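Residue numbers (the numbering used here), protein chains in the order written: chain A, 688 to 748; chain B, 7 to 237; chain C, 6 to 231; chain D, 224 to 457.
Be careful, since some hints might not be right.
DEER-style ranges, computed between Cβ atoms [said to hold, decoys possible]:
1) C:Arg9 <-> B:Ala16: 34 to 42 angstroms
2) B:Asp29 <-> D:Glu444: 48 to 56 angstroms
3) C:Ile141 <-> D:Leu447: 56 to 64 angstroms
4) D:Arg303 <-> B:Thr133: 45 to 53 angstroms
5) C:Glu27 <-> B:Val215: 43 to 51 angstroms
6) B:Ala77 <-> D:Glu234: 24 to 32 angstroms
7) B:Arg76 <-> A:Val710: 42 to 50 angstroms
8) D:Ala356 <-> C:Glu83: 27 to 35 angstroms
9) A:Leu705 <-> B:Gly18: 44 to 52 angstroms
10) C:Thr55 <-> A:Ala700: 26 to 34 angstroms
11) A:Arg733 <-> B:Asp73: 48 to 56 angstroms
12) B:Ala77 <-> C:Arg56: 52 to 60 angstroms
These are calculated hints, taken from the structure and not from any lab test.
Note that the structure is predicted; figures quoted are calculated from it, not measured.
In this text, a Cβ means the ideal position worked out from N, Cα and C, and glycines have one as well.
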Amino acid sequence: MSGGAQYVVAAYAVIWFLVLAYVVVLAARSARIGRRLEAITRLLDRQEQRADPPDAPGDAP
Amino acid sequence: MVTARGLVHAYGERRAVDGVDLDLAPGERVALAGANGAGKSTLLRMLATLVRPKAGTLTVLGHAIPDAARAARTGIGYLAHDPLVYLDLTARQNLELYGDLYGVADRDARITDLLDDVGLAVRAEDTVRTFSRGMAQRLALARMLLHRPRLLLLDEPHASLDAAGADRLDRELDAARDDGRAAVIVTHDVERVARVADRLVVLRAGRVVLDTPMGDLDPMDVRRLYTGVAP
Amino acid sequence: MRGRQLAALVRKDLRLELRTRETIVAMVLFAIVMLVILEFGLGTRDGDLTRFAGGLMWVTLAFTAVLGVGRSYVAEREQRVLDGLLVAPVPRVVLLGAKAIAILIYMAAVEVVVIPLVGIFFVKGPYWDSIGWIAITALLADVCIALAGTLFSGLALFTRARDLILPVLFLPALVPVVIAGAGATHAVAGGPHDMSEWRGYCLFLAAYAILFALVSVATYDAVFDD
Amino acid sequence: MTDTPARIPGERAALIWGVLATILVVVASIGVFLVAPGDADQGIVQRIFYFHVAIAIVSLVAFAVACVAGILFLRTRRERWDDVGEAAIRIGLLFSVLVVITGSIWAKASWGTWWVWSDPRLVTYLIVVLIYAAYFVLRSSAEDDRRMRYSAIYSIAGFASVPLSFYSVRVAESFVHPVVFTRGGANMPGSMLVWFVVSQAAILALFIALLEVELVGRRSERALRQLVLRLENP
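Just chain A, same shape as in the assembly:
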């Protein structure tokens, strides 16, 4: 390697590693929001099924 190539590689590796780590954190957060939303949706569905009288047509959109 010509003088100091390892340093260039190290510098760019650090940059990409930290930026990627940050993106992963962001993705994890959005996944968490999605999971919570799904849980709430399921909860609401169950509540509505319980609340609906048996002869009602159900929750048509």
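Following the hints, put chains B, C and D in place on chain A, whose structure we already have.
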């Protein structure tokens, strides 16, 4: 003297005051009742310009809040749970400080009069640290009256004042009715306030659930009202 | 009116300090202990610390300032008086100015002890003839410390763990003051005076003070506005 | 179940900026490593410079954005500006940490030592990291309204400290960093300048994309919190 429309204050997502309308005419003395956490103190602090409304409009003594809060403050007298005086200053030094902050013209004469009036003339040169709770609160009463406020905002005054202080306050409230000042008295002891208030406003969960002239109802009904059962 | 309010607030702080003597005495003792620790920490008991004297002085003053600034709203908070000041028709910038003046006075009181002590402890060579220049530097730096300190202590006032928050907020902002204070002191102490360097650092301190004064005036309303 | 979930505002912008940032970063990387000419004095080490400086500049842009957001928050009291401020400082802090690390690597490559106190750029960015790390300490120890207000004030005061730190470090130390930029523009060949500009654009786009994603995330979190609250007390 006060015009409030749709006042809201929230701590985080929880609304302590949730859409309150309130009008106060000169000479009117309103008792503000409600259970703990009903939003009484927050509403009072809002009227005192200490808490900024999150929504709604508020005018105090003709000044829009929060934009013209400083102009309104010159006419507000606020009595809180805490006496709002420095423990390591003497009674007179505390009043001198407040006299200067409010720009009272006849400061020293006024202070002497008031100290005499609330029965602290003898202790004027002692630090507040040596005072009893009731004495400190009487000093707070003098502090509140120092700049001749036109709107009195009192947070459970009878709970912390001693008998002498309470009498002095009651006299002040009667005088307020006669000379066109106004007062808001936060309380959870409606019976105690009934003799000095003209009107009762009851808060529950940040909303006004009752607004009525004082003479019209039995205090026991009020109890029932703000602990939950709908009127 | 504002002048009367400002004078009343400053008088109040000084009266409290004279009665309780909590802040200044502690600050002076702290500063002296700090100087002693620095001396032994650097481990040159017989060496010459003249080259570091300005740095030692300003490190000491910076930490002492954090201590003093941390005390600046203690009476209001512990005795719950702040609402009384806020409900009075006092412009918030007057509250800021009064607190800044009080801190300025405390710092000046500490420096009356620390600046001569630094000369006695650490400086070999000419020092006493430049004490006037050092005093001017100190005064300028005190204005910076007072303005930034008042702003940050207002921010830390109602936070959890406020005693921890204040140094974390305040010390990074003090780095330029320490750099310039030490630089200006080195320019005039313990050797030939370099007045152009000294002027440069002092101008920098003035710029710092002006910038923080502007920021404080622009934001201080919001510090207390619940 | 009649209402369809509303689209969170900014979703589309986040996507567009994300794609743009990716393209620009790829192009810039190719340019920096394969096309740009080598530096006569420093050789390959000079290639750190492209992203290092671009990130440094964008981190300052981020802090400027936070300062403006702070001013706007104090004027309007809208939570949106608090979101912008915090997200911008978060990204700006990440970028300044990158500046310090890559600067340190550069110092090792150029001068054989990991840390040079006489290099004003390195020292200044260390101070900047400390200033803005304190922002998060402050945030975590105040609640609700106060948190937003204090954050806004601190983002303004912090941004005032940045030029002060820059200047104080600079007057105190001699300037030993390789002078790549001169006052007028650049003393590097045009082909280098082109790739520097492309790198700069890439990092700027990356900042905007990250900011948009942060904002979308924050809005969704808030929408979710409010939903939970409404379900709790109908």
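Tested hints:
| no. | hint | in the structure |
| --- | --- | --- |
| 1 | C:Arg9 <-> B:Ala16: 34 to 42 angstroms | 37 angstroms, holds |
| 2 | B:Asp29 <-> D:Glu444: 48 to 56 angstroms | 40 angstroms, violated |
| 3 | C:Ile141 <-> D:Leu447: 56 to 64 angstroms | 58 angstroms, holds |
| 4 | D:Arg303 <-> B:Thr133: 45 to 53 angstroms | 49 angstroms, holds |
| 5 | C:Glu27 <-> B:Val215: 43 to 51 angstroms | 48 angstroms, holds |
| 6 | B:Ala77 <-> D:Glu234: 24 to 32 angstroms | 46 angstroms, violated |
| 7 | B:Arg76 <-> A:Val710: 42 to 50 angstroms | 48 angstroms, holds |
| 8 | D:Ala356 <-> C:Glu83: 27 to 35 angstroms | 29 angstroms, holds |
| 9 | A:Leu705 <-> B:Gly18: 44 to 52 angstroms | 33 angstroms, violated |
| 10 | C:Thr55 <-> A:Ala700: 26 to 34 angstroms | 46 angstroms, violated |
| 11 | A:Arg733 <-> B:Asp73: 48 to 56 angstroms | 50 angstroms, holds |
| 12 | B:Ala77 <-> C:Arg56: 52 to 60 angstroms | 58 angstroms, holds |
The structure does not agree with the numbered hints 2, 6, 9 and 10 stated previously, though it agrees with the rest.
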